Amino acid sequence: MKKSIFIVLGLQIFYQGVFAQSDVRTPSGTPLPKTIKEIREQNVERRMAAMRILSQMPRQPKTQKPKKMSAKDLKKFKKLTKPSSEDATRYKEFLKQKKTGIFRIMPDFDCETENLVKAGGDCKYFMPGSWLYSIRKKKYSDLDLHDLAFKRNRLVSNSLLTQGLMTSLGDVPLTEISLDRRELRFLLSFVPEIDKELARNQFTELSKGIKIDGVLYANNFAAELNNTYALRVIAYRFKDRFSTRLRVENIPSTPNGARFAAIRSDKRSDSVFVFRVISKGADGGITIVWKELQKQKSPQIVFEKTERLSGFKAKKEGK
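With our numbering, letter number 265 in the sequence shown gets 1026, and the count goes up by one each step, no holes.
Watch out, some of these pointers could steer you wrong.
Using C-beta positions, here's what the derived DEER-type ranges look like [said to hold, decoys possible]:
#	residue 1	residue 2	range
1	T874	K836	21 to 27 Å
2	L835	D956	40 to 46 Å
3	R961	T936	33 to 39 Å
4	D941	E985	23 to 29 Å
5	K837	R1008	36 to 42 Å
6	Q803	M830	47 to 53 Å
7	K857	D1044	27 to 33 Å
Calculated lysine to aspartate or glutamate pairs in the EDC-like style (CA-CA distance at most 20 Å, straight line) [stated by the list, open to error]:
#	residue 1	residue 2
8	K898	D1031
9	K860	E937
10	K899	D1027
11	K900	D1027
12	K1066	D1001
13	K969	E954
14	K857	E937
15	K1074	E958
16	K1066	E958
17	K898	D1027
18	K837	D903
19	K899	D848
20	K1000	E1065
21	K1052	E944
22	K972	D941
23	K860	D941
24	K859	E1053
25	K860	D848
26	K843	D903
27	K1000	D1031
28	K957	D1031
29	K859	D848
I should point out that these hints are in silico values taken from the structure, not numbers from a laboratory. Quick caveat, the model's predicted, so the values are computed rather than measured. Glycine included, every Cβ here is placed at the ideal spot set by N, Cα and C.
All chains, please: the whole structure from these sequences, using the hints.
The following block contains the structure:
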């Protein structure tokens, strides 16, 4: 009984102390709250004020969206990139298999600059985005997220924070290729570095080409009709220890911010494909059929707080 009395007295003294502080102020002169209810109300007010400030800031997209095509250009793009009915019919049975696909891709002869798209000469049939494709996502892509690009007469895989390994298998039907094939041994055993400098060294080596047991591996090969290739796309995930620089409001002021924000919404993986160039049109476009042989979780690159967000290419990367 005595213990209960002491507890009640203690609580009374505590609450009297709290309510007696109505005249206590912070160094800035703001009165301290009297009750827990007031504390909660002040917290709500602060959050609402912060939200009002944020809502007044210009919104930036998490990805750099391409310029929207007009209905006329979209129709032209679809016509340009649509595989012929002959090609689709020829591979009809193959395309019934899981993890297969077909697409048409156009060559880029440096046809596009920041403010201009060339329309003559080699660029007569060019359309922005028609030369970049993501096999992982089964759709046309951009410089930072593609799996395969058609640059002049070469097939290239060198997107942002990605290692692309390719090898030519010759005139071999896709149905005859498995992971046990000799030419795929190095492609499968290649260990991507997670140290950024070592990863850049690997990227440089693959840009030049590596010969193992008489087989050439590189991130670019000449596009040859009726030729089959094996491709491994290691699209790194990344962790940023500077946790606030990719917030929506901070992306515009972060070098490469929009590009890395786009990576976060991409389907990153370590995938192995085989593909074959089955036709080439008078406009220079080629049609490719492909099959996925393997898919696994990709490695992760870590960026420390003091590190700039950047890919593996040696040249300076812009925002």
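- Hints violated by the structure (numbers, ascending): none
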